[in-house]
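Mapped onto my numbering, the consecutive letters of the sequence shown carry residue numbers 175 to 417.
Hints are not guaranteed to be accurate.
[To be verified] The list that follows gives simulated cross-link-like pairs (lysine to aspartate or glutamate, EDC-like), each with its CA atoms no further than 16 Å apart: (1) Lys-193 - Asp-228; (2) Lys-221 - Asp-208; (3) Lys-216 - Glu-194; (4) Lys-282 - Glu-373; (5) Lys-287 - Glu-364; (6) Lys-207 - Glu-192; (7) Lys-295 - Glu-182; (8) Lys-191 - Glu-225; (9) Lys-238 - Asp-208; (10) Lys-238 - Asp-320; (11) Lys-295 - Glu-194; (12) Lys-200 - Glu-248; (13) Lys-274 - Asp-214; (14) Lys-345 - Glu-393; (15) Lys-391 - Asp-329; (16) Lys-369 - Asp-329; (17) Lys-274 - Glu-325; (18) Lys-369 - Glu-393; (19) Lys-260 - Glu-364; (20) Lys-355 - Glu-248; (21) Lys-377 - Asp-329; (22) Lys-226 - Glu-248; (23) Lys-274 - Glu-339; (24) Lys-352 - Glu-240; (25) Lys-235 - Glu-194; (26) Lys-235 - Glu-183; (27) Lys-221 - Glu-206; (28) Lys-200 - Asp-228; (29) Lys-216 - Glu-182; (30) Lys-295 - Glu-192; (31) Lys-230 - Glu-266; (32) Lys-356 - Glu-325; (33) Lys-241 - Glu-194; (34) Lys-391 - Glu-337; (35) Lys-274 - Asp-329; (36) Lys-282 - Glu-364; (37) Lys-274 - Glu-240; (38) Lys-205 - Glu-231; (39) Lys-257 - Glu-393; (40) Lys-235 - Asp-208.
Hints in this document: simulated from the structure, not taken from any laboratory.
As the structure is a prediction and not an experimental result, all values here were calculated from the model.
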Amino acid sequence: MENRFFVEEPRDITIIKEKETLKHIKVLRLKEKDTIVILDGKCGRFKGIIEKIDRKECIVKITKREKLKPPSIEITLVQALPKHPKMDLVVEMLGGFSIKRIIPLIAKRSIPKKENIERLKNIAKSSFLTSGSSLLPHISNCLSLDRAIEEIKGDDLIIVPWEEERKTHFKPILTSHKSSKKISVFIGPEGGFDKSEIEAIQKIGGISVSLGDAIIKTEYAAFFVISSILYEFKAAKPKIEKR
C-alpha cells in the first residue's frame, strides 16, 4: 500500500515541515530513498523519493506528476452547525467524497455559533488521504444564511431536505435534473430549519424535498443525501488522465 501525504503546492523539490505530517512519516518509519505519494487536493498526484529526513523537515524529490480526472459534478454542502462534536463526524464522512466544499452555516436553531475550522480542515485531510478521491473539500468559515446563499446562488440544482415537505420527494428531483453540473445541498441543525430560512432558500430556486417518513439525524443527513446524489449521477472513482 502506498504512503500518501497532503501538500498544498508540491514543487520539484518539496520540503515538508508540517508537524502532523512529519509525525505520520515518523510513525510509518519512512527513511531516505523511500517512495511516497503526495496529493495536493486539487486532482494532482505526485510520486516522489525522500532525499533527506530529520525532526524538522522531510525533503522529497518529485519523480512523476499525474493528473486525476476531476469529479463529473461539483457538490457544495451547506451544513447548519449541530451540537459539538457532530460537525467533526460530518466532515469525516464526506472528506473523501470529492465534493467541492463544505460551508458551516449559522442557522437560527444552531446551538453553537462558531466552529474550529482548522480542526475540521485536518479531519477532512485525514479522510481525503485514506479515500482515494481526487478533490479535498474546501472548508469555509462559518457563514450566515444570507452569505451562504450568495456563495451558491446560480448553481444548477439546490436541494434542502425539510421534514415539513409532503409533496416533493428527493429521488424524482434527482431523476429530473440529470444534466446538473453544480449541486448544493442545505442540511438543517437539530430541530430543522425555520420556515423563513426555507423560504429564503426557495427564493433563489432551492427545492425543498422529503426524504421519506424517517427522520434522519442532522449528522447523518448529508451523508445520506450526497451518497444518493453520487449514486444517481453515477459519479465514478477518479482515474488518472493520460497526457
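query: When you check the alpha-carbon spacing of Lys-216 and Glu-194, does it fall within 16 Å?
result: The hint is violated at about 20 Å.
Next pair to validate is Lys-274 with Glu-325; report whether the Cα-Cα distance is within 16 Å.
holds, 12 Å
Practice task
Measure nothing beyond the straight line between the CA atoms of Lys-200 and Glu-248; if it is 16 Å or shorter, mark the hint as holding.
Solution key: Status violated; Cα separation ~36 Å.
Given the hinted pair Lys-241 and Glu-194, is their alpha-carbon gap at most 16 Å?
-> violated, 26 Å
Checklist line | Pairwise hint evaluation, Glu-364 against Lys-287, where the allowed Cα distance is 16 Å at most | finding: holds, 14 Å
Between the alpha carbons of Lys-200 and Asp-228, is the straight-line distance 16 Å or under? With a Cα-Cα distance of about 9 Å, the restraint between Lys-200 and Asp-228 holds, given a limit of 16 Å.
Q.
For Lys-369 and Asp-329, compute the direct alpha-carbon distance and say whether it is at most 16 Å.
A. violated, 22 Å
Query - Satisfaction of hint between Glu-393 and Lys-345, Cα-Cα up to 16 Å - result: violated, 20 Å
### Query
Does the structure keep Lys-295 and Glu-192 at a Cα separation of 16 Å or less?
Given pair Lys-295, Glu-192 holds - Cα atoms ~14 Å apart, limit 16 Å.
Does Glu-240 lie within 16 Å of Lys-274 when you go C-alpha to C-alpha?
violated, 20 Å
(Q) Tell me if the straight-line CA distance from Lys-274 to Asp-329 falls inside 16 Å. (A) The given pair, whose Cα atoms are some 12 Å apart, holds under the 16 Å limit.
message = Checking one constraint from the list: CA of Lys-207 to CA of Glu-192, max 16 Å. Satisfied?
response = violated, 20 Å
The earlier numbered hints that this structure contradicts are 3, 6, 10, 12, 14, 15, 16, 18, 22, 23, 24, 25, 31, 33 and 37.
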